[in-house]
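Q: Position one of the sequence shown corresponds to residue 41 (the working numbering), numbered consecutively onward.
These aren't lab readings, by the way, just hints derived from the structure by calculation. Virtual Cβ for every residue (Gly too), placed ideally from N, Cα, C. Some clues are possibly wrong.
[Unchecked claim] Derived BS3-like pairs: lysine-lysine, alpha-carbon spacing no greater than 25 Å straight-line:
| id | residue 1 | residue 2 |
| --- | --- | --- |
| 1 | K52 | K241 |
| 2 | K197 | K129 |
| 3 | K129 | K52 |
| 4 | K134 | K49 |
| 5 | K129 | K49 |
| 6 | K134 | K197 |
| 7 | K44 | K134 |
| 8 | K49 | K174 |
[To be verified] Each pair of labels, with its calculated beta carbon distance range:
| id | residue 1 | residue 2 | range |
| --- | --- | --- | --- |
| 9 | T42 | R130 | 39 to 47 Å |
| 10 | E92 | A315 | 33 to 41 Å |
| 11 | K52 | T275 | 22 to 30 Å |
| 12 | E318 | D133 | 45 to 53 Å |
| 13 | A249 | E154 | 28 to 36 Å |
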Amino acid sequence: MTRKRYEWKLSKRTLQLGDRTLIMGVLNVTPDSFSDGGKYLDPDRAFARAVELEEQGADIVDIGAESTRPGSARISQAEELRRLVPVLKRLRDKLAVPISVDTYKAAVAERALELGAEIINDPSGLTFDPQLAKVVARYNAGLVLNHMRGTPETWAKLPPLPDVMGTILHDLDAAVHRARRAGIERAQIVVDPGIGFGKRKEQNSEILARLHELARLDLPILVGPSRKSFLAQRTERETVFATASAVAAAILGGAHLVRVHDVVEMRAAAAVADAIVEARNQRS
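Take the sequences, apply the hints, and build the full model.
A: Structure, rendered in structure tokens:
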């Protein structure tokens, strides 16, 4: 299976997707994220980490101010902005790579885009706040539609999906239609199957095994397996290796972008997977 090339239209630039896998580096400015909660809550530390992610080779820096780890509670718009705005103000015009903001709230997205963000990464796939799409359309920003089942508060109680990939395809297709109705162009949209977002442990492996089916939507694919609980090993270092395995599998399954915490290590994994994809393309 060849990986199709796309141009991803953002508010200030266009990213080429498909030649090599782009790395989206994660920066959580939260006290409670599952892997790095509290580390970058201070705006100065968050600024330094964003610069470091770019230096390490991140093609996009994705900033989240509200945790969506399993069991986490939703926070107010005011609290999310209180965490996010000081970081975005410090970063304005300081990075050469685009900034993505991980939020489902329209008002937070609007403030982020005003402060220079170019991508909104909606973990809910436009199901929590329908006004978000209109904000993205108004700013001509990039949009990531992530598949989420239920809410983080309910994930532990959800039964396995009878047809995990069929459900993801159906729900993401509906999310794309919602985005298009709000005036967002297809060239602005990337889809994410939402590894860990309400899926049972074994079903996350199935999503990676069947990722190529997402090509039916004819949109670029982002996958975020980094440090998810289904990959957890005895030590943090071993979990990095497990994540690298999932990243390689995602790329071989057709992913155009991967969202990761460990940029240096995942760039190395992506480079090898990209070479394998390229070799496969030349034979087909």
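Q: The structure should be examined with respect to each hint, and the outcome stated for every one.
A: Going down the list of hints, with the structure as the test:
The straight-line distance between the Cα atoms of K52 and K241 is roughly 38 Å, outside the 25 Å bound, and the hint therefore fails. For the hint pairing K197 with K129, the CA-to-CA distance comes to about 39 Å; that exceeds 25 Å, so the pair is violated. Distance hint between K129 and K52 is fulfilled; the C-alpha atoms sit about 17 Å from each other, no more than 25 Å. Proximity of K134 to K49 is assessed by CA-CA distance (about 21 Å); at most 25 Å being required, the pair is judged to hold.
Proposed proximity of K129 and K49 is supported: the alpha carbons are some 23 Å apart, at most 25 Å. A distance of roughly 43 Å separates the Cα atoms of K134 and K197; the hinted pair therefore is violated under the 25 Å criterion. Annotation: proposed proximity of K44 to K134 is violated, straight-line Cα distance about 32 Å (limit 25 Å). Using a Cα cut-off of 25 Å, the hinted pair K49 and K174 holds, with the two alpha carbons roughly 16 Å apart.
The hinted window of 39 to 47 Å between T42 and R130 holds, with their beta carbons roughly 41 Å apart. Between E92 and A315 the CB atoms are about 26 Å apart, so this pair departs from the stated range of 33 to 41 Å. For the pair K52 and T275, the beta carbons lie near 41 Å from each other, so the given range of 22 to 30 Å is not met. Distance hint for E318 and D133: a CB-CB separation of about 35 Å, inconsistent with the stated range 45 to 53 Å.
Between A249 and E154 the Cβ separation comes to about 41 Å, which falls outside the hinted range of 28 to 36 Å.
In this structure, the earlier hints numbered 1, 2, 6, 7, 10, 11, 12 and 13 are contradicted, and the remaining ones agree with it.
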